[in-house]
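There are 2 protein chains.
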Amino acid sequence: MNVSQAIEHRRSVKHYDPTHNMPDADLARLIELAQLAPSSFNIQNYRFVNVKDKELRKQIRAAAWDQAQVTDASVLLAVCADINAHKDNPARYWQHAPKEVQDFMVSSVTPFYEGKPQLTRDEAIRSSAFAGMTIMLAAAEMGYETGAMIGFDPVAVTKILQIPDHIVLSYLLVIGKSTKVAWPRGERLPRSEVLIQDHF
Amino acid sequence: MNVSQAIEHRRSVKHYDPTHNMPDADLARLIELAQLAPSSFNIQNYRFVNVKDKELRKQIRAAAWDQAQVTDASVLLAVCADINAHKDNPARYWQHAPKEVQDFMVSSVTPFYEGKPQLTRDEAIRSSAFAGMTIMLAAAEMGYETGAMIGFDPVAVTKILQIPDHIVLSYLLVIGKSTKVAWPRGERLPRSEVLIQDHF
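Chains as they are written, first to last, in my numbering: chain C, 494 to 693; chain F, 494 to 693.
Hint data in this document are derived by calculation from the structure and do not stem from the laboratory.
Fair warning: there could be bad hints in the mix.
Same chains, same label: a pair holds when it works inside one copy or across any pair of copies.
Okay, derived cross-link-like pairs now, DSBU-like style, lysine-lysine, Cα gap no bigger than 35 Å in a straight line [claimed, not checked]:
1. Lys592 x Lys673
2. Lys507 x Lys592
3. Lys545 x Lys673
4. Lys545 x Lys507
5. Lys580 x Lys673
6. Lys609 x Lys547
7. Lys673 x Lys609
8. Lys580 x Lys609
9. Lys507 x Lys652
10. Lys551 x Lys592
11. Lys652 x Lys670
12. Lys592 x Lys670
Build out the structure end to end from the sequences listed, making use of the hints.
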């Protein structure tokens, strides 16, 4: 499946076959591809919680307006990001680079983020979305449907998954085999509304 | 190019051929595909500023640590999102749906976002990243290189592009023909660090 076909095929699917199990190798491949998504300063701050435990799934479903895909999808990922990634031994992110590049990066990344909680949170949301969109398109190619979800109580899900303070829960992502064709795609906004020439 | 090839091919490229012009049809196709990226409640809140004006490009470059790709890339998009999209005549986002679905969506989306500035900003960053990752992979298929950038002064760029208060500037995205092979990709974090089983 080529890229544009995957983009056109992808829909936010809500109905999944609860009897389907995703092979471990498929999930491993999706995570491997997600790890190729870009992140600021290559900090690779995205984190994926693979919620397999059925009891946890039920609790999350209860905190997500009882949406069936939370328990029925083959995979439920809580897509998160570590807001401390920029200061967590940053030299390791540029091990492959010459010493002077490493030094420049290490000395730049901490002041870039330190004391800027909104910037740090934005980067958490942004990187986790880049990684998740990568998964959604890769999953389409592998014959899976997906759905990114923010319709849940983030405080409750944070508690259920024991997400620590330095981790931002960005969204939930379900992956599996659909049992029902998605709703026809609605009309898109006119291009003139989304594409602005030069400035507002 | 299939999806996994595009994901593996994509790198954050910094060196572009300044003499290359992207055909309008290619940019139109990229935006068309970006508009298929998911957004919460289908609010399609992403907005793309296509900065063609050379003087504006120079000003942005000056506000972006003088990074050459800002002026040299064929296309510079300021990828933004409208934080008021959820209340900007929301019925139009579900024109294609039956009346009861429309009514449910319209009555749900405003209370979901209203009075929650962090949630609204998160959704702005998230949707604009989903859309931009879509562009990056589609551009790879079309023979272009890309680079998402946050290394700039957001206050200065907001001023240069006259971005109004209800629009969040999420990141810059350059697209063009590269003149220099990207740095070899660094080692990725071990999977055990990014993939968490069941809960933290």
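Against the structure, the hints come out as follows:
1. For a Cα distance limit of 35 Å, the shortest separation of Lys592 from Lys673 across copies, 21 Å, qualifies, whereas the shortest one inside one copy, 54 Å, does not.
2. In this assembly of identical chains, Lys507 and Lys592 lie within 35 Å of each other by CA distance solely across copies; the values are 20 Å between and 48 Å within a copy.
3. For the homomeric pair Lys545 and Lys673, the shortest alpha-carbon distance inside one copy (23 Å) is at most 35 Å, but the shortest distance between copies (44 Å) is not.
4. For a Cα distance limit of 35 Å, the shortest separation of Lys545 from Lys507 inside one copy, 18 Å, qualifies, whereas the shortest one across copies, 40 Å, does not.
5. Within a single copy, Lys580 and Lys673 get their C-alpha atoms only as close as 45 Å, which misses the 35 Å cut-off; across copies the closest is 30 Å, which meets it.
6. Within a single copy, Lys609 and Lys547 get their C-alpha atoms only as close as 38 Å, which misses the 35 Å cut-off; across copies the closest is 31 Å, which meets it.
7. In this homomeric assembly, Lys673 and Lys609 come within 35 Å of each other (Cα to Cα) only across copies, at 33 Å, whereas the closest approach inside a single copy is 44 Å.
8. Taking CA atoms no more than 35 Å apart as the test, Lys580 paired with Lys609 passes in both settings, with 13 Å inside one copy and 29 Å between copies.
9. In the homo-oligomer, the alpha carbons of Lys507 and Lys652 lie at most 35 Å apart inside one protomer (24 Å), although the nearest pairing across protomers, at 41 Å, exceeds that limit.
10. With identical chains, the CA atoms of Lys551 and Lys592 are at most 35 Å apart between copies only, with a shortest distance of 31 Å across copies and 49 Å within one.
11. When the C-alpha separation of Lys652 and Lys670 is checked against a cutoff of 35 Å, the pair qualifies only within one copy, where the shortest distance is 28 Å, while the shortest distance between copies is 46 Å.
12. Taking the shortest alpha-carbon separations for Lys592 and Lys670, only the inter-copy value of 28 Å comes in at or below 35 Å, while the best intra-copy value is 47 Å.
In this structure, none of the earlier numbered hints is contradicted; all agree with it.
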